[in-house]
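> Sequential numbering of the sequence shown, starting at 18, is according to my numbering.
One thing to keep in mind: the hints can contain errors.
To be verified - Listed below are the simulated DSS-like cross-link pairs for lysine-lysine, each with C-alpha atoms no more than 25 Å apart in a straight line: (1) 201 with 224; (2) 224 with 171; (3) 266 with 276; (4) 200 with 265; (5) 216 with 266; (6) 310 with 276.
To be verified - Across the chosen pairs, the derived CB separations fall in these ranges: (7) 220 with 151: 40 to 50 Å; (8) 271 with 85: 29 to 39 Å; (9) 216 with 264: 13 to 23 Å; (10) 86 with 257: 46 to 56 Å; (11) 266 with 20: 17 to 27 Å; (12) 189 with 92: 31 to 41 Å; (13) 110 with 193: 25 to 35 Å; (14) 47 with 196: 24 to 34 Å.
Just so you know, the hints here were simulated from the structure itself, not pulled from any lab data.
C-beta atoms are modelled at their ideal positions from N, C-alpha and C, and glycine is treated no differently.
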Amino acid sequence: MIKRPIIGITMGDPAGNGSELSVKALTDPKVYEECRPIIIGDANCMEQAVKIAGKEGQIKIHPVEEVKDAKFEYGTIDVYDMGLVDMEKHIFGKVSKMCGEAAFQYVVKVIELVMKGEIDATVTNALNKEAINMAGHHYSGHTEIYADYTHTSKYTMMLAHDNLRVVHVSTHVSLSQACSLVKKDRVLDVIRIANQACKDLGIKTPKIGVAGLNPHCGENGMFGTEEIEEIQPAIDAAMEEGICIPEKKPTPPDTVFSKALGGWYDIVVAMYHDQGHIPLKVKGFVYNKELKKWDAVAGVNITLGIPIIRVSVDHGTGFDQAGKGTSDALSLLNSIEYAILFARNRK
Numbered sequence: 018m019i020k021r022p023i024i025g026i027t028m029g030d031p032a033g034n035g036s037e038l039s040v041k042a043l044t045d046p047k048v049y050e051e052c053r054p055i056i057i058g059d060a061n062c063m064e065q066a067v068k069i070a071g072k073e074g075q076i077k078i079h080p081v082e083e084v085k086d087a088k089f090e091y092g093t094i095d096v097y098d099m100g101l102v103d104m105e106k107h108i109f110g111k112v113s114k115m116c117g118e119a120a121f122q123y124v125v126k127v128i129e130l131v132m133k134g135e136i137d138a139t140v141t142n143a144l145n146k147e148a149i150n151m152a153g154h155h156y157s158g159h160t161e162i163y164a165d166y167t168h169t170s171k172y173t174m175m176l177a178h179d180n181l182r183v184v185h186v187s188t189h190v191s192l193s194q195a196c197s198l199v200k201k202d203r204v205l206d207v208i209r210i211a212n213q214a215c216k217d218l219g220i221k222t223p224k225i226g227v228a229g230l231n232p233h234c235g236e237n238g239m240f241g242t243e244e245i246e247e248i249q250p251a252i253d254a255a256m257e258e259g260i261c262i263p264e265k266k267p268t269p270p271d272t273v274f275s276k277a278l279g280g281w282y283d284i285v286v287a288m289y290h291d292q293g294h295i296p297l298k299v300k301g302f303v304y305n306k307e308l309k310k311w312d313a314v315a316g317v318n319i320t321l322g323i324p325i326i327r328v329s330v331d332h333g334t335g336f337d338q339a340g341k342g343t344s345d346a347l348s349l350l351n352s353i354e355y356a357i358l359f360a361r362n363r364k
């Protein structure tokens, strides 16, 4: 039996609900049966979150300065204590330089720990892009931070919920810029990354669907030529390498995800951010209009192509819910499960 991997979980923006989600996720004893989790964050925030989550008497916070000092015992949450939050200035739901700096440093630290081999995989709670930029760190999100600090140039984002998986040719850019980034070399790189990701998940021969960019894949050039000039050449090159693309051509974006749900593909290559995000969130985010609350906020975000494992919740900082004790930890639990799966397959 493979030893339980050590999973480093960043607390996210201290003004958000990441600390509460972390407490709720780690009250599930199954997590400790499968891995050894440690929170990278502030112990004071986590102590506060225990009260907010209503887990006093059940959960104790154990601050540590080094991973080797963690207990990894159910009922005790180990926290790699960064001590970056002044609780007298801490306000839930408010964008601040202090919280942006803290959230950024948690991410930098977890990357450092995994690169040094002290932990096996990383899971990230949400940060606030405005807050980290306010703190002087000019990144558009976790993906770009991880790529920078691991010195990676060819990477992409994968979203996953159950057996629906999507990777992206581009992510955090304008739509007009996204269209200009659909180039053969980039599409081919993302197809290769998608293929390897599925293998890392234990899929022996992944089946890959490649979405078109234009309506009906351009109708032979009537509505755009990207499919002819960029996407098809990338597909041809990938198939020459032995990668399985069942349709041998781009699939119209209005049907590719229905086919994926039907089992045609193990993963879909989407051409831009919203093309991939919308179907995943339609499936994973379920709002109860009668109770006026979210029944589920499921799905995970995985950075592929980097030399370490990074899985994230597929939602924001929850500023509107922070501090209220009502946040749902399902996406974080999903993320931990994926991190464990990747860690085991890589070992």
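> Is the Cα-Cα distance between residue 310 and residue 276 25 Å or less?
The hint is violated at about 30 Å.
> Measuring from beta carbon to beta carbon, are residue 189 and residue 92 in 31 to 41 Å?
39 Å, holds
> Lying within 46 to 56 Å: is that true of the beta-carbon distance residue 86 to residue 257?
51 Å, holds
> Verify the CB-CB distance for residue 47 and residue 196 against the hinted window 24 to 34 Å.
44 Å, violated
> When you take the CB atoms of residue 110 and residue 193, is the distance between them in 25 to 35 Å?
33 Å, holds
> Are the Cα atoms of residue 200 and residue 265 separated by 25 Å or less?
18 Å, holds
> Does the beta carbon distance between residue 271 and residue 85 stay inside 29 to 39 Å, or does it fall outside?
Since the Cβ atoms of residue 271 and residue 85 sit about 52 Å apart, the hinted range of 29 to 39 Å is violated.
> Regarding the pair residue 216 and residue 266, is the alpha-carbon distance no greater than 25 Å?
Holds, at roughly 22 Å.
> Do the alpha carbons of residue 201 and residue 224 lie within 25 Å of each other, as the hint requires?
Holds, because 20 Å separates the two Cα atoms, which is no more than 25 Å.
> With a cut-off of 25 Å on the C-alpha distance, tell me whether residue 266 and residue 276 pass.
14 Å, holds
> If you check the beta carbons of residue 266 and residue 20, does the distance land in 17 to 27 Å?
With Cβ atoms ~44 Å apart, the hint is violated.
> Cβ-Cβ distance between residue 220 and residue 151: within 40 to 50 Å?
For residue 151 against residue 220, whose Cβ atoms are near 41 Å apart, the range 40 to 50 Å holds.
The earlier numbered hints that this structure contradicts are 6, 8, 11, 14.
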